[in-house]
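Chemist: Reassemble the complex: the two chains are provided individually, in unrelated frames, and hints are given to aid placement.
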Amino acid sequence: MGASVLQVKNLRTVLDLATGSVPVVDDVSFDVGAGETLGIVGESGSGKSMTALSIMQVLPQPIGRIESGEILLDQTDLVGLPEEEIAKVRGRDIGMILQDPHTSLNPVFTIGNQVIEALQINNPGTPRKSLLGRVVDLLRQVNVADAERRVHAYPHQMSGGMKQRVVGAIAIAGAPKVIIADEPTTALDVTIQLQYLELLRDIQEETGTAIIFITHDLGIVAKLCHKLVVMYGGKIVESGTVADVFRAPSHPYTEALLKSVPSVDQKVDRLYAIDGQPPALSVDRKGCSFAPRCPYVRDICTHQVPQHDAGLSGADTHLAACWNMGRDR
Amino acid sequence: MLRFIFTRLSHMLIALFVITVIVFSLSHLTGSPIDALLPDDATQQQIDSLTEHLGLDRPYYVQYLTFLQNAAVGDFGDSTKWKGNTAAAVVLERLPATLKLGGLAVLISVVVAIPLGVLSAVWRGSVFDRMAGVIALLGQSFPAFWLGIILMWIFAVMLGWFPTSGYGGLSYMILPAIAMAWFQIAALTRLTRSAMLEVLDTEYVKLARVKGVNERSVIWKHAFRNAAIVPVTYFGVLAGSLLTGSVVVETVFAWPGTGLLAIDAIRGRDFPVVQSVVMFFAVFYLLANFLVDVLYAVVDPRIRFS
Chain F
158 MGASVLQVKN LRTVLDLATG SVPVVDDVSF DVGAGETLGI VGESGSGKSM TALSIMQVLP
218 QPIGRIESGE ILLDQTDLVG LPEEEIAKVR GRDIGMILQD PHTSLNPVFT IGNQVIEALQ
278 INNPGTPRKS LLGRVVDLLR QVNVADAERR VHAYPHQMSG GMKQRVVGAI AIAGAPKVII
338 ADEPTTALDV TIQLQYLELL RDIQEETGTA IIFITHDLGI VAKLCHKLVV MYGGKIVESG
398 TVADVFRAPS HPYTEALLKS VPSVDQKVDR LYAIDGQPPA LSVDRKGCSF APRCPYVRDI
458 CTHQVPQHDA GLSGADTHLA ACWNMGRDR
Chain G
282 MLRFIFTRLS HMLIALFVIT VIVFSLSHLT GSPIDALLPD DATQQQIDSL TEHLGLDRPY
342 YVQYLTFLQN AAVGDFGDST KWKGNTAAAV VLERLPATLK LGGLAVLISV VVAIPLGVLS
402 AVWRGSVFDR MAGVIALLGQ SFPAFWLGII LMWIFAVMLG WFPTSGYGGL SYMILPAIAM
462 AWFQIAALTR LTRSAMLEVL DTEYVKLARV KGVNERSVIW KHAFRNAAIV PVTYFGVLAG
522 SLLTGSVVVE TVFAWPGTGL LAIDAIRGRD FPVVQSVVMF FAVFYLLANF LVDVLYAVVD
582 PRIRFS
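Going down the list, the protein sequences come from chains F and G.
Going left to right, the first sequence walks through residues 158 to 486 as our numbering numbers them.
Going left to right, the second sequence walks through residues 282 to 587 as our numbering numbers them.
Looking at chain G on its own, in the form it has when it is part of the complex (with noise of 0.2 Å):
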C-alpha cells in the first residue's frame, strides 16, 4: 500500500514537472511582457532596463529554473493588474468561493446520480429507469451556461425563489451548482447505471443472492462495492471539470471565485495571475487524481495487494 502512494505520488512530480514546462513556455509564446507593461512611447533605455530588471536578457532555461524555485514557494510574481499583490495572494483569495461552489455542485451530483444510476440499473426497463435516461440526456444536452441563464430565469426572476447572482450564501450558490453539477448527473447516472448492469449480471451477486442474503445487500453491499469503481475514476474527471466549468459559471453568475478571476485576468493581461490560476488548477487536479488512485485501492484489494 505505502509503495502504491509512492508510486503514485513520483508520477503526479512529474506531471507537475511537465505541467510546468508548459506554462512557462505559453505565457513566453504570448509575446513579450515588456510591451504590456510599458507605455507605447517607451525608450529603448527604459526597455533595456525594464528587461534587464525582470531577467528577460537570460537564456531560457535560466529563466524556467528561476521560475520553477520561485514557483515551488508559490511566488508567481505580482499582479500587474491588482497593484500591491501577489499573484499567489490574488489568487488564493478567491479560491474558497471556488471551492465552495464546487464542492457544493460535487456533492449535488453524487447524492443525486449515484442513486439514480443504481436504482434505474436495478429496476432496469422501469418508468424509473426511463426518467433517469431522459434527466441524464437532457444534462448532457444542456450547455451549462444556458442552463444558467435558464435557471436564473425561472428560479431567480420570475419566482424570485434565489438571488439572480452575486455572492453569498446557500442561496445565492444553489442555481450555479445545480447549473454545474447537471452535466455531471447525467454523465455519472449513465456510468453508475451501465457498471451496476454489469456486476448484478456476475456469479458472486448469484452468489449472494442463493445464499440468502437480502435484496438491498445484494444491491448495496456486494453489487455496488464492486460497480463503484467506475464512479470514483469518474471523480477524477469531476474535479477538474468543475475548475474548468467554474470559468463559465461563474462569470454567468458573477461569482467572484478562480474562474471569474481568470477571465479578468486574462482580459487585463495579468500573466503572473493568468500562470497562478493554471498552476493551482493543475495542482487541484493532479490531488483529485492521486486521491482517486488511493480510492481505488481502498475498494478494490486487488489493486491494494498487487
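Just chain F, same shape as in the assembly (with noise of 0.2 Å):
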C-alpha cells in the first residue's frame, strides 16, 4: 500500500433547495492508497452517494455543489478545476461503477459498442476497428464468457450478472487509478455477488488500482476492504482499519450497525433494528444527527458537534465523533 493516491479533504457538498442549502456530505475527510480498498459504510441517505458524486462531480444538476473542501488526486486538487479537466479525470484516472447494472447501460447500443466509447475517450483518434481486440480482451478480463459473441449483445440481452461485468469492464478501460463502486453488488443475486467481490479483488490485484466501495453491507466490508468510514447524516461518525473498527466499534452507531447483521455462530429470534429512522436533509442541525436514535444520548448530544477523537482500540487511525466515549456504556 503505497502513498495516498486519492485524498478528500473536509468536503462538503450542499444541495440548494427551496428550503435553503442542505449540507448533504458534511467535513468529510479519508484518503485511500492504491491497491487498498476503502468501505464507506451508512444507510440510505447518510451521504455516501453523495460523496461519490462529489469525487466525479456529476452532482444532480443545477442544485448540487461543493462548497469547500478538497479532492486530492496524487496531490492535484480537483475541486474547482474547470469542466473540460474534470472531464478528463471521469473514467481515465477514476472509474465508477453503479448500483443497478439493469438501468446502467444504456439500452440502445451494444456492449461492444459501450466498452468502445470508453476505450476511444481514453485513446482518442484511435478507430474503433482497431479497438475491437481490446474490448474482447477487457470482457475476457472481467469473466464475460463468450465475449467474441457478447460485443454484439444489447444490454437486455444479458443477464444482471452480466451488466454488471460489462460496467466493471467500461470502469477499467481507462486503467484507472482509484475505482469508485456505489454498491455494485447490491441488485445482483447472492451467489454472484461473491464473484462480483471476487472479480473486483482480482482487478485490483493485477493493476493495483485504488478502490472506493460504498456498501451498506458490513459483512462485504469484512471481506473486502482494508478499512471504513462509517457515515451517518453526510457526516464520518467513525473511521479505521476494518480490524480496529470491528473489534472495537466506538460510536454507537456503528456498534448498533454491527449488531443489526445476522450472524451464524449465534441463533437470536430477533434481529437487532436501530430505532427511528436516519435524519431528514434539513438546513439547520444542532448537534450530533444521531444523537435522536442513540440509547446512550446526554444534553451535550442534543446541541454541540461532536470532534473526532481517538477511538476505543487505541491505534492513531482510528477515530470516532462521539460525546460517549471512553465512558462507561
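Possibly wrong hints are sitting among the right ones.
[Stated by the list, open to error] Derived CB-CB ranges, DEER-like:
#1 F/Leu174 with G/Ile303: 51 to 57 Å
#2 F/Asp303 with G/Val579: 22 to 28 Å
#3 G/Arg506 with F/Arg297: 38 to 44 Å
#4 F/Arg291 with G/Ser422: 51 to 57 Å
#5 F/Leu174 with G/Ser498: 27 to 33 Å
#6 G/Glu479 with F/Asp422: 30 to 36 Å
#7 F/Asn270 with G/Phe409: 27 to 33 Å
#8 G/Phe409 with F/Ser201: 30 to 36 Å
#9 F/Arg291 with G/Phe586: 25 to 31 Å
[Said to hold, decoys possible] Using 27 Å as the maximum straight-line C-alpha spacing, the simulated DSSO-like pairs for lysine-lysine come out as follows:
#10 F/Lys245 with G/Lys502
#11 F/Lys166 with F/Lys443
#12 G/Lys502 with F/Lys286
If you're looking for bench data, these hints aren't it; they were derived computationally from the structure.
Backbone N, C-alpha and C define an ideal beta-carbon position, used for all residues, glycine too.
Modeler: Below is the structure:
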C-alpha cells in the first residue's frame, strides 16, 4: 500500500433546495492508497453516494455543488477545476461502477459499442476497428463468457451479473488509479455477489488500483476492505482499519450496525434494529445527528457537534465522533 | 425484423379493410346518389334505368365487393363535378400540392421542435426553457385558421413580405406551412422535453458522464437516442393531422391541394371524389404509422429483437 492516490479533505457538498442550502456531505475526510480498498458504510441517505458523485463532480444539476474542501488526486486538487479538466479525470483516472446494472447500460447501444466508447475516450483518435480486440480482452478480464459474441449483444439480452461485469469493464477501460464502486452488488443475486467481489479483488491485484467501495453491507466490508469510514447524516462518525473498527466499535451507530448483522454462530429470535429514522435533509442541525436514535444520548449530544477523537481500539488511525467515548456505557 | 414488418403489414391490411367498410357505409348513409344525378322532374323509368346502370339495385354485399374490387385498382368512379375525369385522377392531380405543403410543415415542426424540446430539458428552469414553454402554449392555443389569417394580415398585408394566398413557389408556402406547423411544434416540443427530462435522469446517462463522455454526446447520443422514441411516435399523429389540418389551412390560403379539393367536392356532392380523398388520406395515414413502427425498431433494439 503506497502513498494516498486519492485524498478527500473536509469535503462539504450542499444541495440548493427551495428551503435553503442543505449539506449532504459535511466535513468528510478520508484517503485511499494504491492497492487499497476503502469501505464507505451507511444507511440510505447517509451521504455515501453523494460523496462519490462529488468526487466525480456529477452532482445533480443545477442544485448540487461542492461548497468547500479538497479532493486531491495525486496531490492535484480537483475541486474548482474547469469542466474540461474534470472530464479528462472521469473514466481515465477515476472509474465508477453504479448500483443497478439493469439501468446503468444504455439500452440502445451494443455492449461492445459502450466499451469501445470508454476506450476511445482514453485513446482519442484511435479507429474503432482497432479497439475491438481490446474490448474482447477487457470483457474476458471481467469474466464475460463468450466475449467475441457478446460484444454484439444489447444489454437487454444479458443477465444482471453479466451486465455488471460489463460496467466493470467500462470502469477499468481507462486503467484508472481509483475505482469507485457504488453498491455494485446490491442488485445482484447473492451467489453472483460473491463472484463479483472476487472479480473486483482480482482486478485490484492485477492493476494495483485503489477501490472505494460504497455499501451498507458490513459483511462485504469485512471481506473486501482494508479500512472503512462509517457515515451518518452526511458526516463521518467513525473511521479506521477494518480490524480496529470491528474489534472495538467506538460510535454507538457503528456498534448498532454491527449488532444488526445476522450471525451464523449465534441464534437470535429477533435481529437488532436501530429505532427511528435516519435524519431528513434539513438546513440547520444542532449537535450529533445520531442523537435522536442513540441509546446513550446525553444533554451535550443534542446541542454540540462532537469532534473526532481516538477510537476505543487505541490505534491512531481509528477515530470516532462521539461525546460518550471512553465513558462507561 | 422481417417478421416484425410482416406483422405490422398485416395489421395495416386489417385497418384498411375496416376503413373501406366505413367509407362504403357512409356514402350510402348520405342518401341515394340518383337524387343528385338526375333532375328533379326525372321519370320513374329514368330513375330505374340509372339505378340498374349504376348497380344500385344489387344487394349491399355485392355492391361492397364491387367497390372493393375497383378500389383495389384505384378506381372510385368518375367525378360528377369535374366532368370527364376519374375521381382518382382529380385527387392525384391535387396530391403533390398537399404533400409539398405538408412536407414543409413537417420539416419546420421537426427542425424547430426537437432542438427546442431537447435544450429546454437540458436547461430546465432557465429563461430558454420558459420561452420555449410560451411558444408551446401559444401554439396549442391558436387555432390554425385564426393563426393563418393573422399571419396573412401581418406578413402579407402589412409587411408585404409574402403573397397573401394562392399556389406558387416557396414564398407562397411559408405562411400556410407555419400556420400548420405551429400547433405541432407546440406538441412536439413538450413531448420531446418531457421524454428528455426522464432520460436525463437515468443511470445510463449518469454512467456515460462518469465514464468521461463529453456533455454534447451525453445529450445527443446517449440521452436523445433513447428519448427519440416519443417524438417518433408522434410522427404518425403529425402526418395524419397535417392532412386534416390541410383541409382548414388550404381553404384559408386558397392552396389548391386535396384539403381544398375535399371541401369543394363535399359542397358539390361529388361522392366519388370525396370517397377517393378519404381513401387516400386513410392510406397515407396508415403508411405514416407503418413507417413509425419500422422507425421504432430502428431506434430501439428491444423492439427489433422481441
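Chemist: Each hint: holds or not?
Modeler: Okay, the hints, checked on the actual structure:
1. F/Leu174 with G/Ile303: 51 to 57 Å: Check passed, 55 Å falls within 51 to 57 Å.
2. F/Asp303 with G/Val579: 22 to 28 Å: 27 Å, holds
3. G/Arg506 with F/Arg297: 38 to 44 Å: 28 Å, violated
4. F/Arg291 with G/Ser422: 51 to 57 Å: 55 Å, holds
5. F/Leu174 with G/Ser498: 27 to 33 Å: 30 Å, holds
6. G/Glu479 with F/Asp422: 30 to 36 Å: 48 Å, violated
7. F/Asn270 with G/Phe409: 27 to 33 Å: 31 Å Cβ-Cβ, so the 27 to 33 Å window holds.
8. G/Phe409 with F/Ser201: 30 to 36 Å: 35 Å, holds
9. F/Arg291 with G/Phe586: 25 to 31 Å: 26 Å, holds
10. F/Lys245 with G/Lys502: 19 Å, holds
11. F/Lys166 with F/Lys443: 22 Å, holds
12. G/Lys502 with F/Lys286: 20 Å, holds
Hint compliance for this structure: hints 3, 6 are not met, and every other hint is.
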